[in-house]
Amino acid sequence: MADTLAPETPQATKDQLENRDIPKIVDAAIKKHGRGKDALIPIFSEINAALGYIPAQAITEVRRQVHDPANQVLVSDNKLFSMVSFYHMFSTKPRGRHVIKFCESAPCHVVGGRQVWQALCDELKIQNGETTPDNKWSLVTTSCLGICSVGPVILVDDDVYGNVTPADVAQILAKYD
Amino acid sequence: MKTIRSMILVSEDEKSNRLGGRELFQSLQAALQEFDLQEEVAISTITDLGRQDALPMVVVYPDAVIYGPVTPADAHFLVEEHLYKGRIVERLLAPAPETSDNASWLSARKGALPAEQRIVLQRAGRIDPESIDEYIVNDGYAALGKALTEMSPADVIAEVEKAGLQGRGGAGFPVGRKWGFVAGAPGNPKYIVCNADESEPGTFKDRLIMEGDPFALVEAITLAGYAIGAQEGYIYIRGEYGLAYQRLKNAIEQAHAYGMLGKNIFNSQFSFDLHVHAGAGAYICGEETALLESLEGKRGEPRSRPPYPTTHGLWGKPTLVNNVESLANVPPIIRNGARWYRTYGTPSSPGTKVYTIMGQINTPGVIEVPMGITLREVIAIYGHGMKPGSTFKLAQTGGSSGSIIPAALQDIPMDFESFRKAGVSLGSGALLICDQTTCIVDLAKVLLQFFRFESCGKCTPCRIGTQWAYETLVHITQGQGQLSDLDSLPKLASQMEMISHCGLGQTAGVPMRDMVKNFRAEVEAHIVQGTCPAGVCPMKAPKGAAKKSKRAAEHQAAQQPAG
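As you go down the protein sequences, you meet chains A and B in turn.
At position 114 of the first sequence the residue is numbered 114 (this note's numbering), and the sequence of numbers has no breaks.
Every position in the second sequence, counted from 1, becomes a number in this note's numbering once 1000 is added.
Honestly, the hints are just simulated from the structure, not real lab data.
Any given hint might turn out to be false.
Computed cross-link-like contacts, EDC-like style, restricted to lysine to aspartate or glutamate with a CA-CA straight-line distance of at most 20 Å [unchecked claim]:
no., chain 1, residue 1, chain 2, residue 2
1, B, Lys1540, A, Asp68
2, B, Lys1298, A, Asp122
3, A, Lys32, B, Glu1296
4, B, Lys1317, A, Glu61
5, B, Lys1249, B, Glu1301
6, B, Lys1249, A, Asp68
7, B, Lys1458, B, Asp1435
8, B, Lys1298, A, Asp157
9, A, Lys79, B, Glu1301
10, B, Lys1162, B, Glu1116
11, A, Lys79, A, Asp122
12, B, Lys1298, A, Asp38
13, A, Lys37, B, Glu1014
14, A, Lys32, B, Asp1273
15, B, Lys1421, B, Glu1524
16, A, Lys93, A, Asp68
17, A, Lys136, A, Asp122
18, A, Lys37, B, Glu1232
19, A, Lys31, B, Glu1497
20, B, Lys1249, A, Asp122
21, A, Lys37, B, Asp1273
22, A, Lys79, B, Glu1296
23, B, Lys1387, B, Glu1040
24, B, Lys1298, A, Glu46
25, A, Lys32, A, Glu61
26, A, Lys32, B, Glu1253
27, A, Lys37, B, Glu1522
28, A, Lys31, B, Glu1296
From just these sequences and the hints, can you work out the full model?
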């Protein structure tokens, strides 16, 4: 799913608060993983985990701190964005407070995944890749999560739910606020 | 805490109940009371044990002894003999399921489940995966110790080669030969990268190895490092595997503390360091050159080959890339010798294979069995049969890029050579068992949706081909297919196989090819009669659906012969 390069519109104060934290988050990630090229994906994983997405400012901040021609680490904003947008676990756009990942691979599909997906869409009244108007839920499909013996599987933030039936969906969603 | 010593399962289904299953349960309960065993033996009913021939059935764990048919009158005797005195009641044992010769080396006991043959998973679930002490007590680091003190690197490679170990990631390339390539490649330093980006849908064997026995992988990589002359290794693990990542991190820390990693391991001249690197969600990174790109902090797009990673890999240096399961086979081989290893499996595919089984079977999960047992046996013995009311229709092997196995091929031995001969692929070891409720077109559609989503977009045949194939399949499920699709889909599949850049595009067409080859009538029913025999496909276009994209229409027009 290629996200388009859209500059973040500075609308919410929450975003501005986060932006002030960005250098701090980047500092901490670099301290943990180093400045080498092989540290780039781990660094962005930390940022994505902390903010729920990777804002353009974070990409600039990483480039500022990591770019080091003397040591052959040559990066630019657009190169980094290209990399970040490649990986499914990174989001370049803000998401809802909770992200539901639905496994759409064949093993979950043949044991009733189709019906669970329909129940999710009906319950949340959104489609794949969308966020509810109250900013509570984002719904995305994902490839296999490797928990196939208990399919259909959905992931809400970091919580795994297996053997899900359409009837379970409302109950699971009710656990989050 | 109450300690349960045994567990009795009593079958409870329509047929069992008709034959006195409920009374049997009560009689067993009463007998347990009588012998005062109710505190130490648990009893429970279970809806389906996967066999219909010996109901009502009683299974006693942990011995895994299966009795059947058992009548209420037998209950007292059974409890007295088996649970009070500890003797198996031979006369009540269920008849053993029929097996082929290939299963004969499984340590089958009459009436009991043939045991799995665990080499790779021997410690998984039996030791504390976060304690190096428990690992060492259970043969851990014996192989590395032996290699570093008694064997030269060339000896290690020769032993692995002699064992005939084949790569378990899907391609089945001989592991020893690959090690030889890297060992002989000019350039320094050399690297070893463990491919733990297990993303084939339905495959989670490597996760089990890493979560259940992380030290084994750390030892195996160290051993491989010694053999090929590398001082540094990486484990590239997919980002979704949080627990496995933590356990490997912990294992590496403890190995350092015990001197099993770092400088001069076992007081030898050999030093080795290991890092865990988490990915960020991309199926393509399971392809070895894409994995290396990703490790270097770039988009995970496959490189052109040659040159191969064995000479130009990570940071352009000679690099060994091996799958988790392949590596996990190495310490047992070094410890016990190649000859021992060859006593398992078939001559052309020695050893065991870890399979993940799932779908419409009673017991999904992970099994490790010798190469060469058949799909039918896996379903009957380890899957405990198809779910009630389910009939086997097809199996999808090896995740998305594997093959679709129709019922006619159920009895082919599952090893690399036999599968190759039959024109199907074993792949990564996932076995998705589907029944009559699965529509072949719908399944192919889901698989192509996967490839469309995961195609990295670098090369055109894959990027456009997956999209076009997906759209065509969607149209068939909406009752808008054309008979020409039956020719154009396999043709597209072979074109993609010929000209795609990497394995993803080359195998993406396999589901459509297998669909047309094995289930032509079912696809024709969609196109000609406008019905979905399995009752899955909507067979009508959703309201306001977009017309077939212009590009796909043009492509299709180009495929059809002029006039």
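Evaluated hints:
Only pairs whose Cα atoms come within 20 Å are accepted, and B/Lys1540 paired with A/Asp68 is rejected, the gap being roughly 57 Å. For the proposed pair B/Lys1298 and A/Asp122, the alpha carbon gap of about 38 Å is over 20 Å, so the pair is violated. Annotation: proposed proximity of A/Lys32 to B/Glu1296 holds, straight-line Cα distance about 17 Å (limit 20 Å). At most 20 Å may separate the alpha-carbon atoms for a hinted pair to count; B/Lys1317 and A/Glu61 exceed this at roughly 31 Å.
Between B/Lys1249 and B/Glu1301, the direct Cα distance comes to roughly 27 Å. Violation of the 20 Å bound is thereby established for this hinted pair. For the proposed pair B/Lys1249 and A/Asp68, the alpha carbon gap of about 28 Å is over 20 Å, so the pair is violated. Restraint check for B/Lys1458 and B/Asp1435: the C-alpha separation of about 36 Å exceeds 20 Å, so the hint is violated. Simply put, B/Lys1298 and A/Asp157 have alpha-carbon atoms about 26 Å apart, too far for the 20 Å limit, and the pair is violated.
Between A/Lys79 and B/Glu1301 the CA atoms are separated by roughly 14 Å; this keeps the pair inside 20 Å, and the hint holds. Between B/Lys1162 and B/Glu1116 the alpha-carbon distance is near 24 Å, which puts this suggested pair outside the 20 Å criterion. For the given pair, A/Lys79 sits about 39 Å from A/Asp122 by alpha-carbon distance, which is inconsistent with the 20 Å threshold. Only pairs whose Cα atoms come within 20 Å are accepted, and B/Lys1298 paired with A/Asp38 is accepted, the gap being roughly 9 Å.
Between A/Lys37 and B/Glu1014, the direct Cα distance comes to roughly 62 Å. Violation of the 20 Å bound is thereby established for this hinted pair. Straight-line distance between C-alpha atoms of A/Lys32 and B/Asp1273 comes to about 18 Å, which keeps the hinted pair within the 20 Å bound. Simply put, B/Lys1421 and B/Glu1524 have alpha-carbon atoms about 28 Å apart, too far for the 20 Å limit, and the pair is violated. Between the alpha carbons of A/Lys93 and A/Asp68 the distance comes to roughly 28 Å, so the proposed pair goes past 20 Å and is violated.
As the CA atoms of A/Lys136 and A/Asp122 are separated by approximately 16 Å, the hinted pair is consistent with the 20 Å bound. The suggested pairing of A/Lys37 with B/Glu1232 holds, with an alpha-carbon distance near 16 Å, which does not exceed 20 Å. Annotation: proposed proximity of A/Lys31 to B/Glu1497 is violated, straight-line Cα distance about 45 Å (limit 20 Å). In summary, the hint linking B/Lys1249 to A/Asp122 is not supported, as the alpha carbons are separated by about 41 Å, beyond the 20 Å threshold.
As the CA atoms of A/Lys37 and B/Asp1273 are separated by approximately 18 Å, the hinted pair is consistent with the 20 Å bound. At roughly 13 Å between alpha-carbon atoms, A/Lys79 and B/Glu1296 fall within 20 Å of each other, so this suggested pair holds. Distance restraint check for B/Lys1387 and B/Glu1040: the Cα-Cα separation of roughly 31 Å exceeds the 20 Å cut-off, and the hinted pair is therefore not satisfied. Only pairs whose Cα atoms come within 20 Å are accepted, and B/Lys1298 paired with A/Glu46 is accepted, the gap being roughly 17 Å.
A hinted pair counts as satisfied when its Cα atoms are at most 20 Å apart, and A/Lys32 with A/Glu61 qualifies at roughly 16 Å. Taking the CA atoms of A/Lys32 and B/Glu1253, the gap is about 15 Å. The hint holds against a cut of 20 Å. Restraint check for A/Lys37 and B/Glu1522: not satisfied, since their Cα atoms lie roughly 51 Å apart, outside the 20 Å limit. The hinted pair formed by A/Lys31 and B/Glu1296 meets the criterion: a straight-line CA distance of about 18 Å does not exceed 20 Å.
In the structure shown, a violation is registered for the earlier hints numbered 1, 2, 4, 5, 6, 7, 8, 10, 11, 13, 15, 16, 19, 20, 23, 27, in ascending order.
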